[in-house]
Structures are given as structure tokens and as C-alpha cells.
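Just need the whole structure built from these sequences, with the hints factored in.
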Amino acid sequence: MAKVEQKGTLSKSDLREFFREMLLIRRFEEKVEERFRAGELPGFLHVAIGQEAVAVGVCRALEEGDIIGSTHRAHGHTLAKGTTPNELMAELYGKLEGCSHGYGGSMHLYDIERGNMGANAVVGGGLPAIVGAALAFKFRGEPRVGVAFFGDGATNIGTFHESLNLAQLWQVPAVFVCENNHWAESTPSWQHMPIEDISQRAVAFGMKAVKVDGQDVEAVYKAARRALEHARGGKGPVFLAVNTYRLVGHYIGDPQVYRSKEELEQTRETQDPIQHLRARLELSDDEVEEIDREVQEIVDTAVDFAKSGTDPKPEDALKNVYA
Amino acid sequence: MPELSYREAVRDALSRAMRDDEDVFIMGEDIAEMGGSMGVTQGMLDEFGPERVRNSPISEMALAGAAIGAAMQGMRPVAEIMYEDFLTLATEQIVNQAAKHRYMSGGQLSVPVTFRTQGGAGWSPGAQHAQQLEAWFVHIPGLKVVFASTPSDVRGLLWSSIYDDNPVIFFEHRTLYGIKEDVPDELEPIPLGEARVHRPGEDVTVIATGRLVHESLAAAEEAEQEGVSVEVVDPRTLQPLDEDALVSSVKKTNRCVVAHEAVTRMGFGAEVAAVIQYGAFDWLDAPIERVGAKFAPLPFAPVMEEFVVPHSRDVLDAIYRTVGRSNGSDGN
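Line order of the protein sequences matches chains Z and A.
Going by my numbering, the first residue of the first sequence is number 114, and it counts up by one from there.
Going by my numbering, the first residue of the second sequence is number 3, and it counts up by one from there.
Calculated directly from the structure, the hints in this document are not laboratory data.
There is no bait here: all hints are sound.
Here are the simulated lysine to aspartate or glutamate pairs, EDC-like style, with alpha carbons at most 20 angstroms apart: (1) Z/Lys432 with A/Asp167; (2) Z/Lys251 with A/Asp25; (3) Z/Lys251 with A/Asp23; (4) A/Lys253 with A/Glu204; (5) Z/Lys348 with A/Glu53; (6) Z/Lys374 with Z/Glu298; (7) Z/Lys426 with Z/Glu210; (8) Z/Lys251 with A/Glu53; (9) Z/Lys125 with Z/Glu402; (10) Z/Lys251 with A/Glu24.
Put into C-alpha cells, the structure is as follows:
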């Protein structure tokens, strides 16, 4: 995916490309829901509907060589980091052609060649490794940055605090992207955090912290760009407190008994990042339809690709245990 | 041939690797100015500087995880976990992350990290500073586990662990740091997965790890006086396990004692006993004996600690049981 040339500024065509990519993630996730409900997809699936602008805004701001670590809600990050929809869908179907060759699944998506060091199904589990990767970049004098995605729920776990402390102490080139969607699975922020401003947690370590509207892809992109420059320039890690919304349940099939239908409806109406960008770009129905047709086709192709993929042999399970 | 202590042998392996290779660095709590809680890394700060001899906060999750992350970028970090009891704090990172990245990525990644740690009873550190937890880690596919018992072994095995492309948990025993041995000028790497026969014998094989290797050698000397010839074998690498060497020794002696300092129940020795009974069933002339700690946390009072962990007399008793003598007290 082409990188935005003029750093820090975005043309209308850049934003249109962002729109296309966000819509691709949305349609991909909807298709995943559909195929899961049809009984085709094994395992746990967590879709990122509502959080597309964070994935696209951050990943578009990255430079060649930068790496990411993701979470259980990883499809958006993975697509935005350049894994093809075919390879991602094939992984969700457990095929050898998948980005983790059928060994990972939705919560363990890897694409090392494209700088995706892996999604992590342990909340907060991937943060320390991003600090270590950034330390390696610093050791080698490479102008690379490690980016950790995680949610508000992860900010309560020890790895979060230990990782931020170590990153700031050692001044490693890392950016911590906290996707605060206000829910830790089914538990609302007010039940899991005694503070409202999550960025205070980074400030407590002396880390530069920036608040961002996660439903505005341009804002995310610009903030990520500045954070990456800061980290890459040797000025230390940055914490991005990204305010976002999960417009679906924690997992596919989540009855969401913990929030009211009205609240969900209202959030969907007011906090859809794709609708925001559409309005900002003043896209006509025809224009949207054209983009939509294009991305739907990509997603349909991905399903066909995945379904016709190769099943691993059962005994392949014994490969890749050791290097 | 220089004489090196076990402590110096560890330091020698680390220093040689760091001189040769910029990808190798060490990190851990109190390892820089203080030289580590056991003095293993003393002097290394002066030679290599604070970037590569990296003092970390008391923060095992981040320490372990950062080592894993650096390893995933192709470096070869050696992280010191001050006491193996504190591996419990790093276990999520070791078990869920280090052990599984290669697998979950379908072979895209390797994680060439080494976690050095130490423990062991014998000086009354109490229940949170002396456990032997190797059995936890041998149970995890994706990890390699080493437990060295002599200076030459610890040096050659640590080198191989650093240069292994898998995560290695490297156990040292606290009471062995002072023991000395002549070692060659050149460091000889010891392949992981190769047992060492410390002492050939005809009547009984004792398979021992860590401190119990030395206790078993002492027991073997005593048994020799009584006309019982004992072979002492140290697997050295617990995962992968040199099953062939262990089984062929028992096929020769027809009797087997397994000895370690960790609690006997569900211990590493249970797996070794299973391997032996399956591989040498028709050769066995006596039940396989196990020697290990009694099923209790490590107590503080020296008399209680002494009672809980095994000593050479426990190994000797077990040896005698296998040959049908009852010179000793009941074992465990």
C-alpha cells in the first residue's frame, strides 16, 4: 500500500485512500461475522468494527522497517500493516496459505516480512516484546520504531506498567497506542479504572502522552506521525491515548447484555469513523458505492481464496515447535 | 589449563560471546555495578559498558519480555533472573510468548533468548529464594532447559544456549558457584541434548542433575567401598533429553536411581523414570528409585531445610535399595 508522500499533511486523495482502506476492513470484518455465523470459522473472533481509523491512521504513518505488535482484535491492524486480505482470511480458515500458516488463527496473526510481529491473545502480553524490539533498534542504530497496540483493559495489567517504565527509562524508540474503546471485554471503564484520563498512566512514568480522537483518521495519522518522529529521533517513547468506540460486541456472538440497545444505537450513529470521513470528503452515494463494490469484491475473493486453500496435515502440528 | 570456578565459567562464556558478537548482551537486576546477586557478572560492566551490561529495574515481566522482543529482532540476549523463584513473575512471557512465537507464526520467527537463573537450598534462604522449578519448564513445548553441574559443563552449555535459536532456560545451582575445575583455554561448546557420564559403573545407574550430581558422586564412592559399582550420569540438558544415553546406561547396569533437589512428586525424575521403564523394561532388575525433596516448601530453620532436601546419604540409601540391601533409612 502506497505511503503518503507529504509527511504530516494529507491530500484529499490520501484521505480517499484511507477511506477505501477503512471500508475494506469494515467489509472484511462483516464478512468474517457472516462466515463465523455460517459455521465456517473455528476459534474465537474479535472484530474491529468501529476502530478502523486507529489501525489505518497509525499504520499509514509508519515507515518501512517499523514494526507493530497487535492484540486479540487484530484483523484491522494486520490488514493496515499490509497483509493481504487473502492471506488473512486463509489464516482465519486455518489454511497453510494463511499469514501464520494455520498455526496462529485470528488472535495470533503474524507477518514478519511486513513488520507485523504478532497479535497477542494475552491482554498486555505483547508490550514487553515491543520494548525489546525497540531496544534492538537502538542498539543497532537503526531508524526504526516499535509500535504496540493495546486496549484500555490492558492498562491495568503489570506488563503495561513494566513496559512503559522500561521504555521510558531506556528511552527506546517505541510508540504505545492505547485504543481506549471504553470496554474491557464486557466491563466498562468505570468498573476497571479509577481514573478517567488514561494518558495519566503514561505521564506517571514521565512519558510524553498525547490524546487523540480515534474516530478521526486524519487526527490519528497526524498524531501518530508526530509520535513516530519523536521516537525515531531518539527523544523517547510516546503514548497515544486514542479515544475510540467498539461498535460491536467483544466477540462475534456476544449478546452484549452489559450495554443497552439504545446506547449501542446511539454510539453507532454518532461514532462511526467511516461515516465521519465520508462526510468530511463529501463523497457522493455513487462514489461510495464504487469503492464499496471494489472492496466487497476483494473480500469475496479472499473468502474464495481461503476456502480453496490447503488444509495442514494433522501431523504438521509437530512442526515449528523448535527452530 | 586454567582453573575456573563454576561462577567464573559462566562469566567466561558470557564474556567470550560478548567479545565475539555485538548481538549478545546481558540484562538483569543488579548485574552491573554489583555484578549480580551471586557475583557472576562482576567486572563485566567495566569491559562492556552499561549498554550491554544492562541493569534492569525489578521488573521480571518487562525484563523477560524485552529480552524476547530483542531476540525476535535477531539479537541474542541473556537475561538473568536473579532467583529462579522469580521466574514465576516472568512465566507468562516465557511460557506464552517466548515458547510459542515460532509456533504461532508458523515458523516465521525464532526467539534466541537465554534466561539464566539460579536457586537451591543449603543456606536457609527460605521458601521464596531456593526452589528448584525446572520441572515447570521442561513441560512446555518450545523451550529448551539446561541444568549444568560443573564449571566445564556450565561454560560449554551456556555458549550453546546463547547460540541456540530457541529460548533456553538455563539453571545454575547456587551452591555450585565456588566449585573449581581445570578447563581448556579454548571454550568447547557442548551440544544441547547430550548427557555426560561422570563415572562409569556396573551395578546401578544414578541419573542426577545439579547439586545432586555431586551428592551422587559422593554416594557412588561410598557404595564402591561396599562393593557396589555405580555409574553416575548427568543429562545436563533436560529438554531435549538424551534418552538414548540414559536408557543404554540402565541396560548395562539393570538398576536405576533418579536424583534431583526439586521435590520428588511430579518432578523431572518422574519423567526420567517413565523413559527408563519404557526403554529398558526388560533389563530392569529392581524398581526405579527416586530421590528428591520431601513435599514441603523449603523451610527456614537449618535443621528443617536439611531434612527436606536430599543429600548423598539419601542417594546411597536408594542405591542400596536397588541392590536389595537395607543399609539406610527409608527414602522418599
